[in-house]
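A.B. asks: Here is what each chain is made of, one letter per residue.
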Amino acid sequence: MNAKMKVLALALLGLAGYAGSAAASCPSSPVPPWSVNAPFQGTTAIVAGGLDGSACRLDSAVSAGASGFASAQVEDDTPTAEPRYRAQFMVNVDALAAPTLTTVANVFSATSSTTGNGINLAIFGDGSGAWRVSYVIADANNPSGFFAGSVPLPAGSKHVEFDLDVTGGNFSIWLENNVEASPDVTQGGLNTATPIGGIDSAFLGLAAPSDSFVATYAGTAAQFDRFDSRRSSFIGF
Amino acid sequence: MKKLLCALAVAAIAAPGLALADGGTSCATAQEIFSNQPYSGDTSTSTNFVGAFGGLPSPGPDLAFKFTAGAQTGGNVVVNITGGWNAGVVITGACGGNGGNPIQAATGTTTFNVPLTNGSFVAGNTYYLYVTGNPSDNSGPSGAFNFTNGTTPVTLKDFSID
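Quick mapping for you: the protein sequence lines, in order, are chains A and B. Residue 0 is where the first sequence starts when you use numbering that gives the first Met the number 0, and the numbers rise one by one after that. Residue 0 is where the second sequence starts when you use numbering that gives the first Met the number 0, and the numbers rise one by one after that.
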């Protein structure tokens, strides 16, 4: 591990860290190594069956009747005003069957504690029964204030990785893609430095569900695993 | 002197009820609210000065209110949305670029309640109530609203009778 990654090293211990306890039961709480576990109108649980072959994973579900403020997330506060932030996690939403264009929920966000702005990743139906992952990034160069797009999320347990260069205004995302030189999407020319500043916290799990998502999937868990964050180097798998 | 104290105390209690304002367009101007009083505003007159509530996005403009929890809270903040825009009302323990994790919250396009469940709040602590867009709606919704606060008792500082 190089020195530049040192501050974010705790995040490496995230869900992947539970692999070491394979012979024992999964921990009852995600904290530690996560900084905060404060679900609201939802649930988080560490359960057996890691997505990467390890012992445990995170199950995240919204509750029946939940509002758009529902949050079934764990929080990592180890970053400190990071000018560049790379993160990877695994996700499996196979239990969330037959999505539609209106079944939408966040699965990850990374934000500044000063401005509250950052990047939000969400899942939504593509209109043909499959899921996509959208990205919304605060961008002062865009008239809407955001740069946004999406990539397909195939069935099964998949790796999602992104690289947000806040200072440089660059963004790339890889979805089940282990080739650093060929991201699924790459975009420069963003003004992320002004609206974001730097990344201080990361949140993993379902959040901000649409009414349709709650009506269809309340109580059904999305699965997460293998969270890793770094400042500059590609993570891969 | 006792009469003066009494008059001051009554004035202090009555004055908030006379206010019918829009809420604050920044943390510094968050409007103090009191039990069982009506308030109204329009978030399109403000900016998106709160970027997130914990890990939740805040895609729309925000208006901020604040209250100090009493020994007991209860009832609901009853919210009415004008024009069917996709609104959210959230109560947190902080105000800033990130307003902190929700303590109570609800979303809707017509009428909805935000519970002031006793036990969710610590007596004496300041809480912030934001009217904003539904975090699940990236379009940044905004519009007019009114609400009636539930029971967030204010401590009576002084009172005496001849």
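Check each hint, because a few of them may be wrong.
[To be verified] Computed list of lysine to any residue pairs in SDA-like fashion (alpha-carbon distance at most 25 Å, straight line):
#1 Lys65/B <-> Thr125/B
#2 Lys65/B <-> Ala37/A
#3 Lys65/B <-> Gly139/B
#4 Lys65/B <-> Lys157/A
#5 Lys157/A <-> Ala80/A
#6 Lys65/B <-> Val77/B
[What the hints assert, rightly or not] Covered stretches of chain A, going by a simulated chain B footprint (3 or more residues, C-beta under 8 Å):
#7 54-62
#8 67-76
#9 98-106
#10 154-166
#11 180-187
Don't read these hints as lab results, they were simulated from the structure. C-beta: ideal position from N, C-alpha, C; glycine also.
A.B. asks: Of the hints stated earlier, which fail here?
C.D. replies: Violated: hints 4, 5, 7, 10, 11.
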